[in-house]
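Novice: Model the placement of chain B on the given structure of chain A, informed by the hints.
Number of protein chains: 2
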Amino acid sequence: MTAPVCTLSLTDHGRAPTVALQAQDETGQTRETLICGEHPLTLYLDKRELVTLMTLGTHPEDLALGWLRNQRIVTDIETLAAVQVDWDTESVAITSRTLAEHGRTLWTDQAAEALDARLGQRTVTTGCGQGTVYGDLMSSLGDVQWGHSIPLTRDAVYRVIDQVRGHDTLYKQAGAVHACALFSQVQAGMPRLLRFVEDVGRHNAVDAIAGWMWREGLSGDNLIFYTTGRLTSEMVIKCAQMGIPVLMSRSGLTGMGHALAEQLGLTMFARCQGRHYLLYTGAHRLLDTQPAQA
Amino acid sequence: MTAPVCTLSLTDHGRAPTVALQAQDETGQTRETLICGEHPLTLYLDKRELVTLMTLGTHPEDLALGWLRNQRIVTDIETLAAVQVDWDTESVAITSRTLAEHGRTLWTDQAAEALDARLGQRTVTTGCGQGTVYGDLMSSLGDVQWGHSIPLTRDAVYRVIDQVRGHDTLYKQAGAVHACALFSQVQAGMPRLLRFVEDVGRHNAVDAIAGWMWREGLSGDNLIFYTTGRLTSEMVIKCAQMGIPVLMSRSGLTGMGHALAEQLGLTMFARCQGRHYLLYTGAHRLLDTQPAQA
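Going down the list, the protein sequences come from chains A and B.
The first sequence runs 0 to 293 under numbering that gives the first Met the number 0.
The second sequence runs 0 to 293 under numbering that gives the first Met the number 0.
None of these hints come from the bench; they were simulated from the model.
These figures come from a predicted structure and were not determined experimentally.
To give an idea of the chain A side of the interface with chain B (calculated C-beta under 8 Å), a few residues:
1) Gly36
2) Thr253
3) Gly256
4) His257
5) Tyr276
6) Leu277
Yeah, the Cβ is synthetic: ideal placement off N, Cα and C, and Gly gets one too.
This is chain A alone, in the form it adopts within the complex:
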């Protein structure tokens, strides 16, 4: 027998991110502007409805995969056979191998009941969207073990900041989106941009990157995660879930985001702009931590 090969069947139905709309500016002139799309996308796993996400829609397949992964509804991508997006019905059908190959759905009565109970928890978290994950996920992260990662340098941090700034973003065109970016750390080299995703929902952008990492079979050990959004408890939890030890943002952080990052041993940089940053937790991963010579 040969080793199993990932044969996940995927559509490629990303939408155009913007639509043109007329607005009246302060001089009374009519101007053509670009604004971001915002579309409902309902996820079905083996024909069972899970959730409706409001999304920009540029990476719907990765978004669906990443949502399933980050909600820990599916723990192994090999159990899935297909992810099929259909914008006519604003839905994505995810099909398991057991259904595709053996005609048996993943949904035992017990599994369906457990999921309903979990998604029914009502903690409205600080981040954008994704209101049901907090308490449940924390319980699974108490014992997160980080792999051995390449040490960071100050120049590597600057390289991330520069690359994000230089990226041709939808935000510059149309605003109203959050961006996430994934960088790989290279031994004795500078971080390389692997993936850049924008979405109207901040957590959608994170989930779409998680879905892509899953498809690519990437572990997080030597990766750096960048977000334009705030470093709240949810963002820290998702980063830890993806196994990524370094989290950066151009925004600030909240008290609970800080407490969690410290508890989990994450390296967290806030207020990354130009040649400035503030390192709040996990300084052990930064090589040159001595005050610079005047």
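Specialist: This is chain B only, laid out in the frame that chain A set:
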């Protein structure tokens, strides 16, 4: 008999918004920084648990009231007797008059069941937090009727922008918060700032303003709502729920936010910065809409 007087009993237990935390800057120096608090607050109505919000905690009583109002769990503030915040247990106990005065809880079996069904809907919306409101609320807004409001002038729009910019905000100190502001339009005068609330959750800031309006018995007819956040479908819905016909933001808008604002007849300004803005919908409320003379 005299007319009923609003005798709602309220605690006044707003928290300090920031805590001091040390961070290491790019030169390796340790610096004292201020960051925003983020605290769970669980809402109980007549001893029944409703939701846990993650909040900055500066306006917990108004937040609880506004959440109940915007979720349409309570439709008349006169039915409430007390709102009591207790940070030791991270909870707020809201007590109805029927319980306080007659010993009967609001929660009939039918009411409890209906609420569970509604809060259990799983649409994860674009905005920050508040993941369960969308479909249900839209159905109630199809027939929104705006009161007769004072026409806007371009100078009034500028006045709002200037006052928000000049406000001493937590954002400047610590970041990681969204702000909302409420202005009143005065006949033949300039808009006046009534309320300014910041929170780690954007929708918490809106809800805290809605709660305050409720306590003050303010209708939205001559008010202007300003948010630092994006103009998504949820923000438009909440503005319409509060009966406020004018919505402004320094950020952009999403396609669905635009479609809803147009459908509901809201006047919506995006990208309000300095002397610039873009008016997307409801131009009939702006007096001087002719192109300025060169």
